[in-house]
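Undergrad: Listed below, chain by chain, are the residues.
There are 2 protein chains.
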Amino acid sequence: MKITAWGVSGIGEIVPGQQLGDIIFEACSTEPNGPLQDNDVLVVTQKIVSKAEGRLVEIDPTDPLSHKVLVEQEAVRIVRRRGDLIITETKHGFVCANSGIDLSNVERGYAALLPIDSDRSARRIRDIILAKSGVNVGVIISDTFGRPWRKGLTDVAIGVAGIAAVVDLRGTEDALGRMMQVTEVCVADELACAAELVMGKSTGIPVAVIRGAEPEWFRDSSMNEIVRPAQEDLFR
Amino acid sequence: MKITAWGVSGIGEIVPGQQLGDIIFEACSTEPNGPLQDNDVLVVTQKIVSKAEGRLVEIDPTDPLSHKVLVEQEAVRIVRRRGDLIITETKHGFVCANSGIDLSNVERGYAALLPIDSDRSARRIRDIILAKSGVNVGVIISDTFGRPWRKGLTDVAIGVAGIAAVVDLRGTEDALGRMMQVTEVCVADELACAAELVMGKSTGIPVAVIRGAEPEWFRDSSMNEIVRPAQEDLFR
Numbered sequence: 001m002k003i004t005a006w007g008v009s010g011i012g013e014i015v016p017g018q019q020l021g022d023i024i025f026e027a028c029s030t031e032p033n034g035p036l037q038d039n040d041v042l043v044v045t046q047k048i049v050s051k052a053e054g055r056l057v058e059i060d061p062t063d064p065l066s067h068k069v070l071v072e073q074e075a076v077r078i079v080r081r082r083g084d085l086i087i088t089e090t091k092h093g094f095v096c097a098n099s100g101i102d103l104s105n106v107e108r109g110y111a112a113l114l115p116i117d118s119d120r121s122a123r124r125i126r127d128i129i130l131a132k133s134g135v136n137v138g139v140i141i142s143d144t145f146g147r148p149w150r151k152g153l154t155d156v157a158i159g160v161a162g163i164a165a166v167v168d169l170r171g172t173e174d175a176l177g178r179m180m181q182v183t184e185v186c187v188a189d190e191l192a193c194a195a196e197l198v199m200g201k202s203t204g205i206p207v208a209v210i211r212g213a214e215p216e217w218f219r220d221s222s223m224n225e226i227v228r229p230a231q232e233d234l235f236r
Numbered sequence: 001m002k003i004t005a006w007g008v009s010g011i012g013e014i015v016p017g018q019q020l021g022d023i024i025f026e027a028c029s030t031e032p033n034g035p036l037q038d039n040d041v042l043v044v045t046q047k048i049v050s051k052a053e054g055r056l057v058e059i060d061p062t063d064p065l066s067h068k069v070l071v072e073q074e075a076v077r078i079v080r081r082r083g084d085l086i087i088t089e090t091k092h093g094f095v096c097a098n099s100g101i102d103l104s105n106v107e108r109g110y111a112a113l114l115p116i117d118s119d120r121s122a123r124r125i126r127d128i129i130l131a132k133s134g135v136n137v138g139v140i141i142s143d144t145f146g147r148p149w150r151k152g153l154t155d156v157a158i159g160v161a162g163i164a165a166v167v168d169l170r171g172t173e174d175a176l177g178r179m180m181q182v183t184e185v186c187v188a189d190e191l192a193c194a195a196e197l198v199m200g201k202s203t204g205i206p207v208a209v210i211r212g213a214e215p216e217w218f219r220d221s222s223m224n225e226i227v228r229p230a231q232e233d234l235f236r
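Read top to bottom, the protein sequences are chains A and B.
For the first sequence, position 161 (counting from the first letter as 1) is numbered 161 according to our numbering, and the numbering increases by one without interruption.
For the second sequence, position 179 (counting from the first letter as 1) is numbered 179 according to our numbering, and the numbering increases by one without interruption.
Since the hints were made in silico from the structure, they are not lab data.
Certain hints may be false.
Each pair may be met inside one copy or between any two copies, as identical chains are not told apart.
[Claimed, not checked] SDA-like, lysine to any residue: derived pairs with alpha carbons at most 20 Å apart:
| no. | residue 1 | residue 2 |
| --- | --- | --- |
| 1 | Lys151 | Asn224 |
| 2 | Lys2 | Gly34 |
| 3 | Lys151 | Gly93 |
| 4 | Lys91 | Asp117 |
| 5 | Lys151 | Glu232 |
| 6 | Lys91 | Phe145 |
| 7 | Lys2 | Asn39 |
| 8 | Lys132 | Asp22 |
None of these values were measured; they are calculated from a predicted model.
Given the sequences, and given the hints that come with them, work out the whole structure.
TA: Below you can see the structure in the form of structure tokens.
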């Protein structure tokens, strides 16, 4: 088994009202970006989804408080706070710094909020590509989150369509023929990580293609597979 | 930029005392596993490292307590406990379930402990391959950890050699020419995730090769780049 991941060039600067599915389809219709094939996974960074969907809010760039008010508006709960760092739980159930709001790769004077429903954003991109070309791809909307205990950020899925979020290996036998204990793998987050390796943070490549994922991972899915309900969680 | 990841076949069952560097070099010396090239990354799962290094402990498979005593021995601190689930901080500073001890893919009646020093394990593999072939690879020892707030497990690095653990993008300009806020990316964990996608959990493929990682990521490194000191951590 082999997977290949590459960044999609030529997406350009995205502005509110643009249809990402059309733009990505166009960019991927020629070499070396594409053409896309059945069971390719498209990983699309949150920033361009937020821009296309008009999730930009004016802030006073000289006033740190203006950013902070936004963070609290987008949160359902403050999980931790230390100095300027605020870890919140968002309306979607994501736990992350600053309710997922950030200012990098956004015009000065604006902040980008998370998409309202990233599963829907992913589905729309998938549906447009299917309608235009008959090709069935999985789509993951990715964002860059920190995590407890470990330094450095990694990319995670915040929206999925047509590709499993979590794959259940419960009941699968391990290589020694014993039932496995370790059971559920978050392939959507792992695919987001693989994509980040080819997108970098500052190179203006907001979309990646991953080819070679297991065919059985391609199915209906949603972020409900990933977001852990508060009552099952030991850390909030 | 393009990366490719594939599983290495033919490693076979590992027993205490075997030299993994020799075995991996051998497996990767022929098509389709190899030959290895400069700046390839080898991702090696913890389980075979623990086996090769004799980190196997006899337990009574009918007595759950015998496993639990081990978990506490390997921990420096219990971080959370609910029912049978114990989240501990290990001697290495990793926070994970059961001190990283698990029983899958291990012979019945034995538990595999984490390697004593996975950076050293990674370095040994790297050094053997360099000595035998003159090829400079990065090596990551990976394990499968859960995380707060998100369901599903993902692979992470628990040892590194010759490849950056965390890449610092501080001061890099974003695509709009502004200084970036998001700064440090844990490429070692992202590489471990990409590798997991091709290794699966039950297929007996304990090693993967990743080709195409950024040349500037190849340098001396250690898990100190990833383990967050307790005093900087908001969640223990």
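Undergrad: Which hint numbers doesn't this structure obey?
TA: none
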